[in-house]
Amino acid sequence: MHFYDAKSHAAVTSFTAQVAEVAVDPATGQVTVLRFTTAHDVGTIINPLGHQGQIEGGLIQGLGFALMEELQTAEGRISTLSLGDFKLPTIRDIPPLTTVIVEDAVGPGPFRAKAIGEGSISPVAPAIANAVADACGVRIVDLPITAEKVYFALQDRKGRS
Amino acid sequence: MIRLTVNGQAHELDVPSYRTLLDCLRYDLGLTGSKEGCGVGVCGACTVLLDGKMISSCIALAVFADGREVTTVEGLAEDERLHPVQQAFMDAGGFQCGICTPGQVVAAKALLDAIPHPSEAEIKEWMLGNLCRCTGYYKIVESIQAAAGQARA
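Quick note, the sequences are listed as chains A and B, same order.
The letter at position 23 of the first sequence is residue 23 when you use my numbering, and the numbering goes up by one with no holes.
The letter at position 14 of the second sequence is residue 1014 when you use my numbering, and the numbering goes up by one with no holes.
Keep in mind the hints are simulated off the structure, nothing from the lab.
Using N, Cα and C, we set each Cβ at its ideal position, and we do this for glycine too.
Just to be clear, a hint being listed does not mean it is correct.
[Claimed, not checked] Which residues of chain B face chain A? A few of them, derived with a C-beta cut under 8 Å, are: (1) R1003; (2) Y1018; (3) R1026; (4) Y1027; (5) G1030; (6) G1033; (7) C1038; (8) M1127; (9) T1135; (10) G1136; (11) Y1137; (12) K1139; (13) I1140; (14) V1141.
[Stated by the list, open to error] What follows is a set of in silico ranges between Cβ atoms, one per label pair, in the way DEER data are often shown: (15) B:F1064 / A:V100: 48 to 58 Å; (16) A:N130 / B:G1008: 20 to 30 Å; (17) A:P96 / B:L1082: 37 to 47 Å; (18) A:D85 / B:E1122: 45 to 55 Å; (19) A:A17 / B:M1090: 23 to 33 Å.
Modelling step: build the complete structure from the supplied sequences, incorporating the hints.
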């Protein structure tokens, strides 16, 4: 018996769990991701190199989304007009990464594959936000989690206590 | 009139003084390997070598290359054989969509010319100016390490 109907959508078939380990500088609010672990429930891996590439690429897009990427506007106009203004991860922003693959050949795709492309993007921000809350006790609920937001949240908490 | 050598071939060109080196390569010489990503010199997609030194060709003027030697991604392979850096990017999965790849490969070649066996920190320092959206950079680091190993053998 298969868990998946071959005609169903891939969206519900792939599960991801991630762990972020972060350091927060209490003086500046700067968040540094020290280590990252990403675990994937996958189907048959057709192209291992491409598969791992999708995981890593998605993860770093998620990291940018979590920590730095922001489409800013000024008086209703977009002010981040080029890659000179829009901050996205560089090669120096990538944390040491551990990937865990749980292969389970019952996906709905060709050769019983499952989707992998987007799985690694979405949980990154919640994992980092949870790690920040665990590290310094403030919960940032809008992205990106910039040093400024963490700093003012820390000041705010200090003011109230 | 400017005279420049591109990938070993001499050219004489009439270009307006405002023509960027990137546009000159792409539109006057048909070398479309180098890409325009940001147009302001921060993304690295237009990286070429000018007398062996890497520059952002989108913010260099073509007249600036007068009398000098330009190497683009098209000039790396020799006799249909890929440059070790190109082969390593293929083997180690150093690219996905490919738009940043010509710049990454040229920058990586420049790195290995300057530092044949770079540490991971040196790779990250050197490649900082080449943005990539798809790979997450891990496999770019691995590709360069593989290329360095290949050069060693």
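Here is how each hint holds up against the structure:
For the restraint placing R1003 (chain B) at the interface with chain A, the shortest Cβ-Cβ distance is roughly 32 Å, beyond the 8 Å limit, so the hint is violated. Given hint, Y1018 (chain B) at the interface with chain A, is violated; its Cβ is 19 Å from that chain's nearest Cβ, farther than 8 Å. This hint is violated: R1026 (chain B) has a C-beta 19 Å from the nearest C-beta of chain A, more than the 8 Å allowed. Given the 8 Å rule on beta carbons, the hint for Y1027 (chain B) is violated: about 21 Å separates it from the nearest Cβ of chain A.
Evaluation of the G1030 (chain B) hint against chain A yields a violated restraint, the C-beta minimum of about 26 Å exceeding 8 Å. Hint status for G1033 (chain B) relative to chain A: violated, with the closest Cβ pair at about 20 Å, above 8 Å. Below 8 Å, beta-carbon pairs count as interface contacts, and C1038 (chain B) has one with chain A at about 4 Å; its hint therefore holds. A least Cβ separation of about 5 Å between M1127 (chain B) and chain A falls short of the 8 Å threshold, and the interface hint therefore holds.
The closest approach between the C-beta of T1135 (chain B) and any C-beta of chain A is roughly 5 Å, which is under the 8 Å cut-off, so the hint is satisfied. With a least beta-carbon distance of about 4 Å to chain A, the hint placing G1136 (chain B) at the interface is held under the 8 Å criterion. Of the supplied interface hints, the one on Y1137 (chain B) holds, with its beta-carbon coming within about 4 Å of a beta-carbon of chain A, less than 8 Å. Taking 8 Å as the C-beta cut-off, the interface hint given for K1139 (chain B) holds, the closest approach to chain A being about 6 Å.
The interface hint given for I1140 (chain B) is met, as the beta carbon of that residue sits about 7 Å from the closest beta carbon of chain A, less than 8 Å. Annotation: interface hint on V1141 (chain B) holds; nearest CB of chain A at approximately 7 Å, less than 8 Å. Between F1064 (chain B) and V100 (chain A) the Cβ separation comes to about 50 Å, which falls inside the hinted range of 48 to 58 Å. The supplied range of 20 to 30 Å is broken by N130 (chain A) and G1008 (chain B), whose beta-carbon atoms lie about 55 Å from each other.
Remark: the range hint 37 to 47 Å for P96 (chain A) to L1082 (chain B) is contradicted by a beta-carbon distance near 30 Å. With their beta carbons about 28 Å apart, D85 (chain A) and E1122 (chain B) fall outside the hinted range of 45 to 55 Å. For the pair A17 (chain A) and M1090 (chain B), the supplied restraint of 23 to 33 Å holds, since their beta-carbon distance comes to about 32 Å.
Violated hints for the displayed structure, listed by number in ascending order: 1, 2, 3, 4, 5, 6, 16, 17 and 18.
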